[in-house]
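Novice: Sequence:
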Amino acid sequence: MRCEQEEARLYLLEEEEVRELLREVFGWSVVDDFLIKSFPFDSLNKALAFSNRIALIAQQENQFPKIVLTSSKAEFHLQTKLVEGLTKNDFIFAAKIDAQFKNI
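Residues 0 to 103, numbered by numbering that gives the first Met the number 0, are exactly what the sequence shown covers, in order.
There may be inaccurate statements among the hints.
Claimed, not checked - In silico DSSO-like cross-links for lysine-lysine, where the CA-CA straight-line distance does not exceed 27 Å:
| hint | residue 1 | residue 2 |
| --- | --- | --- |
| 1 | 36 | 65 |
| 2 | 87 | 101 |
| 3 | 87 | 72 |
| 4 | 80 | 95 |
| 5 | 87 | 65 |
| 6 | 95 | 36 |
| 7 | 65 | 45 |
| 8 | 72 | 36 |
| 9 | 72 | 95 |
| 10 | 45 | 95 |
| 11 | 45 | 101 |
| 12 | 101 | 72 |
| 13 | 36 | 101 |
| 14 | 80 | 65 |
Stated by the list, open to error - Quick list of the computed label-pair ranges, beta carbon to beta carbon:
| hint | residue 1 | residue 2 | range |
| --- | --- | --- | --- |
| 15 | 70 | 10 | 34 to 40 Å |
| 16 | 41 | 19 | 23 to 29 Å |
| 17 | 41 | 10 | 36 to 42 Å |
| 18 | 13 | 47 | 34 to 40 Å |
In case anyone wonders, no lab produced these hints; they're calculated from the structure. It should be emphasised that the depicted structure is a prediction, and the values quoted were computed from it without experimental measurement. Ideal placement from N, C-alpha and C gives every residue a C-beta, glycine not left out.
Work out the full structure: start from the sequences and follow the hints.
Specialist: This is the structure in structure tokens:
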């Protein structure tokens with residue numbers, strides 16, 4: 000599934016919709032209108048390599064995640080800036096990140 004590219008079709012999700020979609024993406028949480036998850040790694044190099052892979056997918060999907068790297072994790076903060084909150088795109092992109100993590 001691809002992220003919606005037509006800005007006119009994006010809308011801010013209601014709390015109930017967020018709760019429902021949150022059940023579909025394991026381990027993600029909502030903090031201050033961001034969808035957030037940390038992924039553990041053995042080294043900074045592995046966390047950076049994973050983050051770079053996600054950055055390429057983000058470009059293809061027109062997404063702009065905030066990525067926080069430490070020596071043992073990569074943390075992703077997702078939000079649709081256009082609506083200053085969460086849209087279905089954020090959950091679609093979260094699922095794409097999860098799929099990439101499963102494949103490493």
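Novice: For this structure, which hints from the list above don't hold up?
Specialist: Number 16 - this is the single hint that the structure violates.
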